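K.L.:
As they're listed, the protein sequences go chains S and B.
Residues 1 to 308 in this note's numbering are what the first sequence spells out, letter by letter.
Residues 309 to 565 in this note's numbering are what the second sequence spells out, letter by letter.
Simulated from the structure, these hints should not be mistaken for lab results.
Computed from a prediction, not measured in an experiment: that's the story for all the values here.
We treat Cβ as the ideally placed atom computed from N, Cα and C, and that holds for glycine.
Keep in mind that a hint or two might mislead.
What the hints assert, rightly or not - In silico negatives: residues of chain B with every beta carbon more than 10 Å from chain S: (1) Ala316; (2) Gly329; (3) Glu343; (4) Ser353; (5) Asn365; (6) Pro372; (7) Ser396; (8) Asn409; (9) Pro410; (10) Ile425; (11) Met428; (12) His444; (13) Ala475; (14) Gln521; (15) Glu545; (16) Thr546.
Stated by the list, open to error - Below are the DMTMM-like pairs computed for lysine to aspartate or glutamate, each with C-alpha atoms no more than 20 Å apart in a straight line: (17) B:Lys381 / B:Asp430; (18) S:Lys203 / B:Asp430; (19) B:Lys322 / B:Asp537; (20) S:Lys197 / B:Glu369; (21) S:Lys203 / B:Asp340; (22) S:Lys149 / S:Asp245; (23) B:Lys443 / B:Asp537; (24) B:Lys407 / B:Asp509; (25) B:Lys407 / S:Glu188; (26) B:Lys543 / B:Asp393; (27) B:Lys344 / B:Asp323; (28) S:Lys203 / S:Asp39; (29) B:Lys543 / B:Asp493; (30) B:Lys331 / B:Asp393; (31) B:Lys407 / S:Asp245; (32) B:Lys331 / B:Glu457; (33) S:Lys203 / S:Asp185; (34) S:Lys299 / B:Glu369; (35) S:Lys197 / B:Asp340; (36) B:Lys322 / B:Glu457; (37) B:Lys344 / B:Asp537.
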Amino acid sequence: MSAPFKRCRGHWAADTSLRVATGLATALILAVLGTIVIDVLRNGWSKLSIGFLFQSPTDGMTAGGIFPAIVGTVALVLIMTIAVVPVGVATAIYLSEYSSANSKFTRAIRVAVNNLAGVPSVVFGLFGLGFFVQFVGPAVDKTLFGGEKVYAQPALIWAALTMAILTMPVVIVATEEALRAIPRDLREASLALGATKFQTIFKVVVPQAGPGILTGTILAVSRGAGEVAPIMFTGVAYFLPKLPDKLSSQFMHLGNHVYTLATQSPDVDATKPLLYATVAVLLGLTFSLNLAAVVVRAKMRARIANAR
Amino acid sequence: MPATDKPAPKMTVKDLSVYYGAKKAVGPLSMDLPEKHVTSLIGPSGCGKSTFLRSLNRMNELIPGCRVEGEVKLEGDAIYGPGIDAVSVRRRIGMVFQKSNPFPKSIFENVAYGLRIGGMKDNSDIAGRVERALKHSALWNEVKDRLSESALGLSGGQQQRLCIARALAVEPEVLLMDEPASALDPIATAHIEELIHELADEYTVVIVTHNMQQAARVSDYCAFFYMGDLIEFDKTETLFTKPSQQRTEDYITGRFG
């Protein structure tokens, strides 16, 4: 005679402790995030205003706004995205659709991408300085400007290209995963209808990988808005009286401005609320970018699932 | 082995062998596929019938390491050979797969896909061909009011008929079907079988099936495969009632499966 179905103590204890542990971990993360946000807003609230967003810094950074930093960040991120997305997506398409999985060349590319992902940001900054500013820059000046020093110095374009190289692995990996997730029978269906491989990739595979590609792009953009080390030597400036208007201009940057305000202020007390307000703007920018990404991705997925 | 009053062959296969790497999977075998008739390929699992089918429209090339030797001709035109474009082969020889694979697009765009990539631009031409294809695959009445809805919202049987319509829209000469009803319920299966009957009026159909009764119901000619070899090819009625090979008889009577 066996006992009726009674709850086993061991099972219940294991289930509950796992539920509690994972719940606590989640709560911890939310608490940390909440603490950061609250602290930032508390200290910077007094300075957050429309004027803050649209004015230049004044009085040695102890007053005024951060408009040039916002413009510079947007310009940097825009050029970086134009540079990184086509190249990153093309690389991912090659790895996923064209290369054979085990050839030496493919493996070499993967090793390169993985190593690139592990390089510290400041090393990218030094690379950008040595390669773009001091090598490509003078070459461009010699051929296009007859030796006049236009590009052989820190510039928006060099900082953007350095950031593009830094964020390339992210875009490649996110795109490749999205491409791999598409089942093989969709490609076969397209080919069986007499499509070329090119048509199959661009009319069936890449459109369906859209959300994944967007994810990679947003991750890249978020880093572009916040990373400081790679742009320190390649284009960003402490203070500029005018906005960047050419690819060869230098620019101000939100992440770098935070660093500047924190370490190089003549009056720490006056600067502190400005510092926190800048951080608040930077966080707000990152959050809204991610939110926009979530919304666009959800819409893309709905469009794929529902119709065209 | 072939029947004496066979109709003209639409496709001829001569000494075809298919290799995966060093291992020979199918052949060598020769076969004539009669025009505007349904030919079924039967045999136990792993006997090479799907591999053979896929070599008729060069879909085997998608598998790395796969090699084809021998000759396959569509109405006298060789489909293998240097300089012969697989893409144009597949426009004349269409395929429907075992598991329906509609694109995550609208019903209309699914059927129009083959037309658009083939270069057709006129929207009214496309709409006309889409309607005709959907009527041919007995799906028009069920979807005519929701052509812009996603194809993924259709039932399994409807999706398979959509895939058939998609293949028919480009007006191929031959339609290859790899176990088209094996993933479907009996009612949907019956629809597909009825459809195959009608399709044979205009197209040459080659269908792989692991269901012997389906082969008996649906096909005019039947080829029995075993372990990569073609054992017997004859009119379906003859093969099922008076097979000339012992192994065929063993398979049909269920002595092995």
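K.L.:
Could you run down the list of hints and mark each one as holding or not?
P.N.:
Evaluated hints:
1. Ala316: 25 Å, holds
2. Gly329: Its Cβ never comes within 10 Å of chain S, the nearest being 13 Å, so this holds.
3. Glu343: It holds; Glu343 (chain B) is separated from chain S by about 21 Å at its closest Cβ, greater than 10 Å.
4. Ser353: 20 Å, holds
5. Asn365: For Asn365 (chain B), whose nearest Cβ neighbour in chain S is about 7 Å away, the distance does not exceed 10 Å, so it is violated.
6. Pro372: About 6 Å separates Pro372 (chain B) from the closest Cβ of chain S, which leaves it inside 10 Å; violated.
7. Ser396: 7 Å, violated
8. Asn409: It is violated; Asn409 (chain B) is separated from chain S by about 4 Å at its closest Cβ, not greater than 10 Å.
9. Pro410: Contrary to the label, Pro410 (chain B) does not stay out of reach of chain S, its closest Cβ about 8 Å off (not over 10 Å).
10. Ile425: 5 Å, violated
11. Met428: 12 Å, holds
12. His444: 16 Å, holds
13. Ala475: Its Cβ does come within 10 Å of chain S, the nearest being 7 Å, so this is violated.
14. Gln521: 27 Å, holds
15. Glu545: With a cut-off of 10 Å, Glu545 (chain B) remains clear of chain S, as the shortest Cβ separation is near 31 Å.
16. Thr546: Holds, because the least Cβ-Cβ distance between Thr546 (chain B) and chain S comes to about 32 Å, which exceeds 10 Å.
17. B:Lys381 / B:Asp430: 33 Å, violated
18. S:Lys203 / B:Asp430: 19 Å, holds
19. B:Lys322 / B:Asp537: Since the Cα atoms of Lys322 (chain B) and Asp537 (chain B) sit roughly 13 Å apart, the hinted pair holds (cutoff 20 Å).
20. S:Lys197 / B:Glu369: 12 Å, holds
21. S:Lys203 / B:Asp340: 36 Å, violated
22. S:Lys149 / S:Asp245: This hinted pair holds, its Cα atoms lying about 17 Å apart.
23. B:Lys443 / B:Asp537: 38 Å, violated
24. B:Lys407 / B:Asp509: Not OK: Lys407 (chain B) and Asp509 (chain B) at ~25 Å, beyond 20 Å, violated.
25. B:Lys407 / S:Glu188: Holds. Lys407 (chain B) to Glu188 (chain S) sits at ~12 Å (cutoff 20 Å).
26. B:Lys543 / B:Asp393: At roughly 33 Å apart (the allowed maximum being 20 Å), Asp393 (chain B) and Lys543 (chain B) break the hint.
27. B:Lys344 / B:Asp323: 23 Å, violated
28. S:Lys203 / S:Asp39: 48 Å, violated
29. B:Lys543 / B:Asp493: Distance ~28 Å between Lys543 (chain B) and Asp493 (chain B) Cα, so the pair is violated.
30. B:Lys331 / B:Asp393: 26 Å, violated
31. B:Lys407 / S:Asp245: 56 Å, violated
32. B:Lys331 / B:Glu457: Roughly 46 Å separates the two Cα atoms, so the pair is violated.
33. S:Lys203 / S:Asp185: Within the cut-off at roughly 15 Å; holds.
34. S:Lys299 / B:Glu369: 37 Å, violated
35. S:Lys197 / B:Asp340: 30 Å, violated
36. B:Lys322 / B:Glu457: 45 Å, violated
37. B:Lys344 / B:Asp537: 25 Å, violated
Hint check: violations occur at hints 5, 6, 7, 8, 9, 10, 13, 17, 21, 23, 24, 26, 27, 28, 29, 30, 31, 32, 34, 35, 36, 37; the rest are consistent with the structure.
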